[in-house]
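**Student:** Sequence:
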Amino acid sequence: MHRFAYVAVATVLGLAGAAPAQAAPLPRSAPSVVVGAQPPVTTDTGVLSVRGAGPYRIGAGLDRLTAAGMIDWSVATCDGVVRAGATGAWAGVILLAFRHGRLVEVTTATVPPYSPAGAGVGMTFADLETIYGPRGGLISNDAGTATAYLVRVGARVELFTGHPIRSGVGAFQVGPASFVERGFRQGGTC
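In terms of mature numbering (1 follows the signal peptide of the UniProt record, and there is no 0), the sequence shown is residues -23 to -1, 1 to 167.
Label pairs and their calculated CB-CB ranges:
1) Q163 <-> V52: 18 to 24 Å
2) T122 <-> T54: 19 to 25 Å
3) G78 <-> T101: 33 to 39 Å
4) A44 <-> G69: 18 to 24 Å
5) V88 <-> D49: 18 to 24 Å
6) T107 <-> P141: 20 to 26 Å
7) G36 <-> G147: 25 to 31 Å
8) A132 <-> G38: 15 to 21 Å
Think of the hints as simulated: they come from the structure by calculation, not from any bench. Glycine included, each C-beta is placed from N, C-alpha and C at the ideal position.
Just need the whole structure built from these sequences, with the hints factored in.
**Tutor:** Written out as C-alpha cells, the structure reads:
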C-alpha cells in the first residue's frame, strides 16, 4: 500500500517537473478605455496620463531625474516650485513642475501626447465632452476669466486649458489636483 503512494507521488512530481514553471500568458483583448486605469510606464511620447509621461512620473525627485541626465534646464520660481525641461524623446514636448523637489505637474502644448482616453491639444471642448462624458466637465477659474475641461482620476487630474487665440484646447496638464487644479482656479502665486 505504501509503495503505491510513493509511486503516485513520484509520478506527480515527475510530471510537474516536466511542466513549465510559468504558464504562457493568455492573449489579451484590446484594453477598454477607463479613466483611472493607466497604461504601463513607457518611453513612448504618445501618452500623457495622471501618472506622468514616460520616465517622468508624478512624485519623482528632481535630484534623481537631474542625476540621470533627464533634465535639460530648470528655473526656480517661488513657493518651492521649480520649472524644468525634459531631455531625449520628451524634449520640447513636455514641461515639468517640481514642488519641494517632487514632480507635481507635466504639461504639453503639442500633439502627441494624448490622454489614455485619446484627448489632446487642438481638440474642442465638445470633443472632450464626447470622449469623457460624465467623467469630466468644464470649469472656470476663480476670476471668471478662463475656462478649462477637468477630468478627475482619484486625487489627480487631467486639465485641458483653453487656447489664447482660438477656441479649444491649448494645453494639457496632469498631476495632483492640489497643484494642477488649484493653480488653474487660483492663478499662479508668482
